[in-house]
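A.B. asks: Read off the chains here:
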Amino acid sequence: MRFASVRDFQRALERALRRADVPMAYSQGFSPHPKISYLPAVQTGVASEAEYVEIGLQQERDPQQVATALSDALPDGLEVVEVTAAAGRPLGEPLTGEAAASVWQVRFDDVDAAALHDALGVFLAATSVRVPRSTKSGRTEVDVRAALISASVRDESHDGRACAILEAVVRHGTPSVRPDDVLTGLRDVAGLAPPVPPVVTRLAQGPLDETTGAVLDPLS
Amino acid sequence: MESHFPLLEPLLPRVRKPVQYVGGELNSVVKPWGDDATTVRWALMYPDAYEVGLPNQGIQILYEVLNEQPDTLAERTYAVWPDLEALMREHGVPQLTVDGHRPVGAFDLLGVSFATELGYTNLLTALDLAGIPLHAVDRDETHPVVVAGGHAAFNPEPVADFIDAAVLGDGEEIVTAITEVVRAWKSAGRPGGRDALLTRLAAGGGVYVPRFYDASYHEDGRLAAVTPNRDGVPDRVHKHTVADLDAWPYPAKPLVPLAETVHERYSVEIFRGCTRGCRFCQAGMITRPVRERSITTVGEMVDTGLKASGLAEVGLLSLSSADHSEIGEIVTDLADRYEGSNTSLSLPSTRVDAFNVTLANELSRNGRRSGLTFAPEGGSERMRKVINKMVTSDDLIRTVATAYQNGWRHVKLYFMCGLPTETDDDVLEIADLAREVIRTGREVSGRRDIRCTVSIGGFVPKPHTPFQWAAQLDHATTDARLHRLRDELRRDRDYAKAIGLRYHDGKPGIVEGLLSRGDRRVGAVIEQVWRDGARFDGWSEHFSYDAWTAAAETALAGAGVDVDWYTTRERGHDEVLPWDHLDSGLDKQWLWDDWQDALDAAAGEDVDDVEDCRWDGCYFCGVCPSLGSSIEIGPTGRRLLPLEPVPPRP
Numbered sequence: 001m002r003f004a005s006v007r008d009f010q011r012a013l014e015r016a017l018r019r020a021d022v023p024m025a026y027s028q029g030f031s032p033h034p035k036i037s038y039l040p041a042v043q044t045g046v047a048s049e050a051e052y053v054e055i056g057l058q059q060e061r062d063p064q065q066v067a068t069a070l071s072d073a074l075p076d077g078l079e080v081v082e083v084t085a086a087a088g089r090p091l092g093e094p095l096t097g098e099a100a101a102s103v104w105q106v107r108f109d110d111v112d113a114a115a116l117h118d119a120l121g122v123f124l125a126a127t128s129v130r131v132p133r134s135t136k137s138g139r140t141e142v143d144v145r146a147a148l149i150s151a152s153v154r155d156e157s158h159d160g161r162a163c164a165i166l167e168a169v170v171r172h173g174t175p176s177v178r179p180d181d182v183l184t185g186l187r188d189v190a191g192l193a194p195p196v197p198p199v200v201t202r203l204a205q206g207p208l209d210e211t212t213g214a215v216l217d218p219l220s
Numbered sequence: 221m222e223s224h225f226p227l228l229e230p231l232l233p234r235v236r237k238p239v240q241y242v243g244g245e246l247n248s249v250v251k252p253w254g255d256d257a258t259t260v261r262w263a264l265m266y267p268d269a270y271e272v273g274l275p276n277q278g279i280q281i282l283y284e285v286l287n288e289q290p291d292t293l294a295e296r297t298y299a300v301w302p303d304l305e306a307l308m309r310e311h312g313v314p315q316l317t318v319d320g321h322r323p324v325g326a327f328d329l330l331g332v333s334f335a336t337e338l339g340y341t342n343l344l345t346a347l348d349l350a351g352i353p354l355h356a357v358d359r360d361e362t363h364p365v366v367v368a369g370g371h372a373a374f375n376p377e378p379v380a381d382f383i384d385a386a387v388l389g390d391g392e393e394i395v396t397a398i399t400e401v402v403r404a405w406k407s408a409g410r411p412g413g414r415d416a417l418l419t420r421l422a423a424g425g426g427v428y429v430p431r432f433y434d435a436s437y438h439e440d441g442r443l444a445a446v447t448p449n450r451d452g453v454p455d456r457v458h459k460h461t462v463a464d465l466d467a468w469p470y471p472a473k474p475l476v477p478l479a480e481t482v483h484e485r486y487s488v489e490i491f492r493g494c495t496r497g498c499r500f501c502q503a504g505m506i507t508r509p510v511r512e513r514s515i516t517t518v519g520e521m522v523d524t525g526l527k528a529s530g531l532a533e534v535g536l537l538s539l540s541s542a543d544h545s546e547i548g549e550i551v552t553d554l555a556d557r558y559e560g561s562n563t564s565l566s567l568p569s570t571r572v573d574a575f576n577v578t579l580a581n582e583l584s585r586n587g588r589r590s591g592l593t594f595a596p597e598g599g600s601e602r603m604r605k606v607i608n609k610m611v612t613s614d615d616l617i618r619t620v621a622t623a624y625q626n627g628w629r630h631v632k633l634y635f636m637c638g639l640p641t642e643t644d645d646d647v648l649e650i651a652d653l654a655r656e657v658i659r660t661g662r663e664v665s666g667r668r669d670i671r672c673t674v675s676i677g678g679f680v681p682k683p684h685t686p687f688q689w690a691a692q693l694d695h696a697t698t699d700a701r702l703h704r705l706r707d708e709l710r711r712d713r714d715y716a717k718a719i720g721l722r723y724h725d726g727k728p729g730i731v732e733g734l735l736s737r738g739d740r741r742v743g744a745v746i747e748q749v750w751r752d753g754a755r756f757d758g759w760s761e762h763f764s765y766d767a768w769t770a771a772a773e774t775a776l777a778g779a780g781v782d783v784d785w786y787t788t789r790e791r792g793h794d795e796v797l798p799w800d801h802l803d804s805g806l807d808k809q810w811l812w813d814d815w816q817d818a819l820d821a822a823a824g825e826d827v828d829d830v831e832d833c834r835w836d837g838c839y840f841c842g843v844c845p846s847l848g849s850s851i852e853i854g855p856t857g858r859r860l861l862p863l864e865p866v867p868p869r870p
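Chains as they are written, first to last, in our numbering: chain A, 1 to 220; chain B, 221 to 870.
Treat the hints loosely; a few may be bogus.
[What the hints assert, rightly or not] Computed beta-carbon distance windows for the label pairs:
id	chain 1	residue 1	chain 2	residue 2	range
1	A	Lys-136	B	Glu-271	24 to 30 Å
2	A	Tyr-26	B	Ala-472	25 to 31 Å
3	A	Arg-89	B	Asp-303	40 to 46 Å
[What the hints assert, rightly or not] Not close to chain B: a few residues of chain A, all C-beta gaps over 10 Å, as computed:
id	residue
4	Arg-7
5	Val-53
6	Ala-87
7	Pro-218
[Said to hold, decoys possible] Derived pair list, reagent style DSSO-like, types lysine-lysine, alpha-carbon separation capped at 30 Å:
id	chain 1	residue 1	chain 2	residue 2
8	B	Lys-808	B	Lys-717
9	B	Lys-727	A	Lys-35
10	B	Lys-406	B	Lys-727
11	B	Lys-406	B	Lys-527
12	B	Lys-251	B	Lys-237
13	A	Lys-35	A	Lys-136
14	B	Lys-473	B	Lys-527
15	B	Lys-527	B	Lys-251
16	B	Lys-717	B	Lys-727
17	A	Lys-35	B	Lys-527
18	A	Lys-136	B	Lys-473
19	A	Lys-35	B	Lys-717
Keep in mind the hints are simulated off the structure, nothing from the lab. C-beta: ideal position from N, C-alpha, C; glycine also.
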């Protein structure tokens, strides 16, 4: 599923909503579209356990029943974690901008945990790590170090195969720092070159608690 | 057999559109691998990119038919793009199915559907990646039996070296018959090895096994004969015809991919076959006779297909959908049923006929009237007489005017270039027609923002058609003719902006022509060009004409024939054609007489049109008596009821 693009995910969701008989609201006009608000999604190739969408309905529905019907209708690999009634504020509010953050997990196969730990140390010691990014308005730079709230490394080697896991809390923003920017930063300042492409998963996203550095539930 | 996905997964972040390789489509199935002696396993391949292959009806139908059988499993595989091919070779990953990610080489059968000849090089890539020897004679009983189907299989001679068998016609019934022959052979302990299995398949005359036939040639390069080289093999192999489409309501559970594909709709075939008698049309000739699906089955399929897929568009497919005996009722009833549900209905391009505008209006009841496509095919009335497509210029203008009057803003017209006896003037007449279309359209609609797009395809003569003897137009003349048309359309500024022109250069058509009417000697050309790197020949960014001509020069050296000989040469009455031993049901003499009628019409003689045998009596093409088939059409007089409204959930 991580290889599906944002558009692939959106098509699959809209079809599942039709299959699940969820009474979607549609926009007016020549080619009506279902009223669904999407938020910035993970890049193609990145898995996620925490994506959020807001769906406009024509009629009120029990959230639990929508969750069950939609789960059954979605293809394997896409699961509904929770459905709640809209909170009366745009969903983007707790999830975008500098006040929000994501928890990322990065699995490095064939990388020694100690080596990853050392690389992370070099990275954290830097005052700023700027990596290039192309955006709609041209090329720019983002400061990966400044966006990184916290990070830890653990060893998950098994059967003689080295495997290191990096877990990192990264602040959102414009442009948002993405996990591959962090990987670019680790390569640039600490020379970390994984032999196989690391597997990235978003574990959570939500408002950032500035005092504890924790990522909170955006629906609460 | 385990999933090999862990081998593939690390490569995917490094390729374009990785989602096309992961499978997991809604309604796809992964059955247990099963017991080796009793389970029959098919890998079904569409030899093009996933985005083109996934929506293919033939593959989806056979996938479902096979997987419904006990102890039978079918998985799908598609051509991998060169970026992934290079990585798979580097890391030793074999060609895999997208369902179970099992190696294609481990299956009992590899069924390949050739809608076009331009997939041949992709078959070679897949065989090579799967570890299956390219040449059928080098395979042993551990390798899959490679079976070709699809329209191109009506002349499989150019790929005869690479396939074990070919099947002509409808696959629904023969695919299970083949399965049972393989199962019996496997459960008996594979007696006699691969040779015995192929002999059993060939014996009934319904499966063509090229290695059991030898081709011989005259000194001038022409084919002398293709004859069986062993006992128990019939002289000719016949095509398969499913009589009752209502008995085969597939696909019932359409595959819905995550990846974007070329058709994002649920397609229902409303009839198979066409007897309009257009002389260029291979599909119409080889799928005879017409067999309709009844209005009630169409209605049920649309209902279950939409519920099973969540798709928002329905396509009513066939070779000429407006010709269904109850098309008006089908369209009206479906439009009624789905009114207000944001479900859209569509028909493929239609014949030039005012009734088609009525249908299109009905289909677009709720939506925007954007584009409507008509296919007059021939630019001049003379050409339309030659191809037996009876449309006068007045008919065309009248029909298009009706469309603009009904609020359509954009009309697309489809033509061919390079038809037999065609001259520059025939093609230049397209410009006059297009200008007249716009002039009339502006007049009847009172608007200046209407448009007309002219699309032109190069004509390629095809086996089993009246034009199978014709000389193909060389690519230089094709290009020059189309450039003259382009200049002519640009000449008048008042119209130029309202008329779009789409065409392709003539070179790919020559390669298609070589592969369409080629014999077994062309196999060496395919292998050579593939070794030189040819892949995805249906894609202009991958196709290389120079690679093909260079390969043909090498591979055909000393054979006394060349690309021109296969393409731009007209054949004579007595020439043995490479597909003469493959029986599409059509009487060769009938095809020849029809070809002569075309030439007479071209010369200005008054030749009777060949009307449609559904309404105008039999023209003795030979199909029904030789295959024991008959026309199966309505009307049934039935109508579709509205669906039960879905009760609101509490």
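A.B. asks: Next step is simple, just say for each hint if it's right about the structure.
C.D. replies: Hints versus structure:
1. A/Lys-136 <-> B/Glu-271: 24 to 30 Å: About 26 Å separates the Cβ atoms of A/Lys-136 and B/Glu-271, which means 24 to 30 Å holds.
2. A/Tyr-26 <-> B/Ala-472: 25 to 31 Å: holds (28 Å)
3. A/Arg-89 <-> B/Asp-303: 40 to 46 Å: holds (44 Å)
4. Arg-7: Its Cβ does come within 10 Å of chain B, the nearest being 7 Å, so this is violated.
5. Val-53: holds (16 Å)
6. Ala-87: holds (23 Å)
7. Pro-218: Nearest chain B Cβ is 26 Å from A/Pro-218, so the label holds.
8. B/Lys-808 <-> B/Lys-717: violated (47 Å)
9. B/Lys-727 <-> A/Lys-35: At roughly 47 Å apart (the allowed maximum being 30 Å), A/Lys-35 and B/Lys-727 break the hint.
10. B/Lys-406 <-> B/Lys-727: violated (46 Å)
11. B/Lys-406 <-> B/Lys-527: violated (39 Å)
12. B/Lys-251 <-> B/Lys-237: holds (26 Å)
13. A/Lys-35 <-> A/Lys-136: This hinted pair holds, its Cα atoms lying about 25 Å apart.
14. B/Lys-473 <-> B/Lys-527: It holds: about 9 Å lies between the C-alpha atoms, which stays within 30 Å.
15. B/Lys-527 <-> B/Lys-251: holds (23 Å)
16. B/Lys-717 <-> B/Lys-727: Holds. B/Lys-717 to B/Lys-727 sits at ~28 Å (cutoff 30 Å).
17. A/Lys-35 <-> B/Lys-527: holds (21 Å)
18. A/Lys-136 <-> B/Lys-473: violated (40 Å)
19. A/Lys-35 <-> B/Lys-717: violated (37 Å)
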